[in-house]
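There are 2 protein chains.
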Amino acid sequence: MPFERVAIIGVGLIGGSFALALKQAKACGHVVGAGRSAANLKLARERGIIDSVADTGTAVKDADLVLVASPVGQFEDIFSLVAKNLKPSALVTDGGSTKRDVVAAARAALGPKLAQFVPAHPVAGAEKSGAGAASAELFRDRRVILTPVRENPDRAIARVEEAWTACGARVSRMTPEEHDAVLGVVSHLPHLLAYALVHEVASRENSAQLFSFAAGGFRDFTRIASSHPEMWRDICAANKDRLAEELSRFSRKLDEVKRLLDDPAALEKLFAEARAARDAWIRSS
Amino acid sequence: MPFERVAIIGVGLIGGSFALALKQAKACGHVVGAGRSAANLKLARERGIIDSVADTGTAVKDADLVLVASPVGQFEDIFSLVAKNLKPSALVTDGGSTKRDVVAAARAALGPKLAQFVPAHPVAGAEKSGAGAASAELFRDRRVILTPVRENPDRAIARVEEAWTACGARVSRMTPEEHDAVLGVVSHLPHLLAYALVHEVASRENSAQLFSFAAGGFRDFTRIASSHPEMWRDICAANKDRLAEELSRFSRKLDEVKRLLDDPAALEKLFAEARAARDAWIRSS
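Protein chains in written order, with my numbering: chain A, 1 to 285; chain B, 1 to 285.
Hints listed in this document are in silico derivations from the structure and should not be mistaken for laboratory results.
Remember, identical chains collapse to one label, so a pair may be satisfied in a single copy or spanning two.
No more than 27 Å apart at the CA atoms, straight line, and that leaves these computed lysine-lysine pairs for BS3-like:
(1) Lys128 to Lys258
(2) Lys128 to Lys240
(3) Lys253 to Lys240
(4) Lys269 to Lys128
(5) Lys253 to Lys128
(6) Lys269 to Lys240
(7) Lys87 to Lys113
(8) Lys42 to Lys23
(9) Lys269 to Lys258
This structure is a prediction, so every number in the text was calculated from the model and none was measured.
All chains, please: the whole structure from these sequences, using the hints.
In structure tokens, the structure reads:
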């Protein structure tokens with residue numbers, strides 16, 4: 001049994017799925033859950049995601065592996081409790097969607113225990129949230145990006161990688177800076193665009209008419225605008241320098257597209273290049 | 001049998017699905033297909049979508065109902081052939097995604113036969129194209145927007161509405177101007193945004209890395225960037241005044257979002273409003 005006792009701080013989509021996947025892989029014994037919502041923890045117990053409920057400090061105290069999977073805005077408080085309670089042999093990982101801020105918060109709060117924390121981002125979101133949405137298959141063949149700190153012993157990184165691999169994930173490593181730049185483009189920016197478009201449509205005087213003629217393309221394009229507002233507020237706050245830059249670059253791209261409205265052949269070429277790039281990506285993924 | 005003989009000009013996703021749906025509803029007899037690609041017409045015959053193949057003029061000559069479902073850029077030439085060959089009792093409709101340009105082309109080419117043409121837009125695209133993608137169910141519960149011209153007798157509009165209703169569609173009426181404004185927001189703009197984002201990612205030096213960490217959110221957001229480039233070139237050309245205006249408005253929206261990166265509470269509010277609007281739409285649709 002790689003991890004006898006696992007503590008999940010925040011038993012939502014990510015935390016709950018991590019617990020279910022480890023259980024399915026027989027990679028853990030007892031799972032204890034902590035979190036803000038008693039109703040969600042009750043549901044997590046009923047679904048067999050966790051075996052017991054505790055406050056965060058108590059949950060951490062006996063754990064061999066701790067997953068911090070709350071909204072990133074709460075990480076600093078949680079890390080303080082981890083610092084006070086984590087036993088020397090235990091490891092910590094997280095499910096935060098941004099990494100520079102998580103590493104900074106860990107560095108500030110964990111002190112010498114920073115070496116036991118191996119930051120991770122499972123790139124496997126969904127617009128669903130809560131324990132009710134958790135699934136043992138969420139991470140299957142999905143990317144998990146580790147952004148180790150220089151204090152991590154190789155053994156700690158390897159053990160945390162083992163846990164995510166047991167969940168079915170394909171694990172990579174990056175620096176926190178590289179992580180936030182890459183995800184800023186392929187995840188955070190599209191979320192902002194989707195939220196912005198839906199908000200724009202909803203703000204129009206004829207929004208009821210507009211929505212009533214929106215079809216499948218609009219539905220898929222805006223699926224990520226049904227994502228968790230608090231989580232995305234924290235992601236944007238953590239990555240705001242990158243996102244400001246990406247929004248500016250994308251606005252310049254839209255200026256280019258706008259100019260090409262007067263040059264149909266060039267516009268068709270841009271469409272064809274985009275389609276070819278996307279189709280190649282879909283084939284390879 | 002409402003329509004004894006139906007001619008489909010352009011037996012792609014829309015034209016092929018219209019034929020299959022009418023046949024399934026037993027609302028037509030013989031279906032003749034015309035189009036640019038012999039291979040596509042052969043496939044359409046093999047799939048039982050059409051019963052025979054002819055050139056456009058011949059196909060129109062004996063038809064009781066003609067559907068023009070080619071890329072909109074070809075409509076003018078096709079309407080000239082329709083003007084020469086259409087019999088007085090026959091009706092014409094189309095599958096064009098823009099309506100001001102289609103009505104203008106029809107007005108220019110059809111002469112007195114304009115009264116027999118009831119413009120339509122089935123809002124049921126997909127990123128697939130060609131006869132191979134056609135399905136009798138494509139229009140089931142989907143919107144079809146008729147934009148009648150003042151020359152249309154009520155009886156002509158009612159008969160064309162009957163054909164689309166037989167395909168399972170929910171039929172509405174608008175002016176061509178209203179149609180292009182509404183679709184500009186909920187269909188054309190998202191297509192431009194999706195194409196622009198994929199093109200932006202593909203243009204970066206680290207595009208291979210970016211694509212390799214793109215996940216399900218990116219896949220759904222960009223699905224419409226796999227749409228037909230020629231068709232979307234024509235749509236953008238036909239609706240370019242509206243699209244230029246919508247791109248400008250959306251850029252201003254992105255400026256607002258960029259400012260809100262410094263105001264997390266207001267950004268979360270925008271996200272929550274967008275999610276609520278989208279979720280209400282999904283529930284009602």
